[in-house]
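Protein chains in written order, with the numbering used here: chain A, 573 to 685; chain B, 17 to 159.
Note that these hints are calculated values from the structure, not bench results. If you're wondering where the values come from, they're calculated on a predicted model, not measured in any experiment. Errors might be hidden in some of the hints.
[Stated by the list, open to error] A few chain B residues that face chain A, going by a derived Cβ cut-off under 7 Å, partial list only:
| hint | residue |
| --- | --- |
| 1 | Phe23 |
| 2 | Glu66 |
| 3 | Phe72 |
| 4 | Gly73 |
Here a beta-carbon is modelled for each residue, glycine too, at the ideal position from N, C-alpha and C.
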Amino acid sequence: MTISSDIIRGHLESVILTLIKEKDRYAYEIASEIKTRTEGTFTMKEATLYAMVQRLEKKGVIESYIGDKSHGKKRRYYYMTTLGDAYLETKQQEWYQLKAIMARFLEDTNESN
Amino acid sequence: MKAIDKFVDRLFKAHGTQNKDDADKLKEMLYEKVDDLMREESLSEEDAIERTIQEFGDEADYSAASLEKARRVHERVKTLKHYQNDLLFAGIATAIIAAMVFIANLVFLEAWFPWLAIIITLGVLFWPLSLLYKLLNKRGDRS
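Generate the whole structure from the sequences, applying the supplied hints.
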């Protein structure tokens, strides 16, 4: 089953930031990593991803530098700023709240059936 | 990589944005993907470029995520300009109506004080005033 991007849209920033927090990554690496980890059940449109990365950089949540890739050309790597850490933490709290609210409805429905 | 440059330039032109820094960074992201595809999937440069452009998705997706704010600002400026034009038109029309009513009052009614003209002018004044209220409200509304 593939996940509609509409459902996850509000949390795409969190997904990107979590991946960048793990390690410095370049834009296409983030797209590939999402595809790999979700085993193809969710493919983020690259146009959306690239635009979001640019927007996050403008917000000061991430910053970039030009780095080397082994056996490849140079890449623009993105890394988290202190503001980014705080921003991700807020997003995580939002997610936990949303998850708890949805669980009250959807999980209760399953149990009552 | 000329195809990538053309593609990105067309994308930015289509949405009326001239941010060179954003365009350059987007080109860089796409070059990186082309390079990855060539190295990791052994595609030719031509095939890698074609696939990169294909997989980029709809131009609207990029705009929706990136240019949304710019578009909202543009819409807001357009609306404010529209309200200003309405207000200007109402102001001029009110002035003309008031002048005509005052002349009519003085010439035809030959009254020493133009009561009728003042009452009518006050009534008509609500037209530009309501538009001024709308304009100020819209200016204050930043959302």
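Now for the hints, and whether the structure bears them out:
no. : hint  : in the structure
1   : Phe23 : violated (11 Å)
2   : Glu66 : violated (14 Å)
3   : Phe72 : holds (5 Å)
4   : Gly73 : holds (4 Å)
Hint check: violations occur at hints 1, 2; the rest are consistent with the structure.
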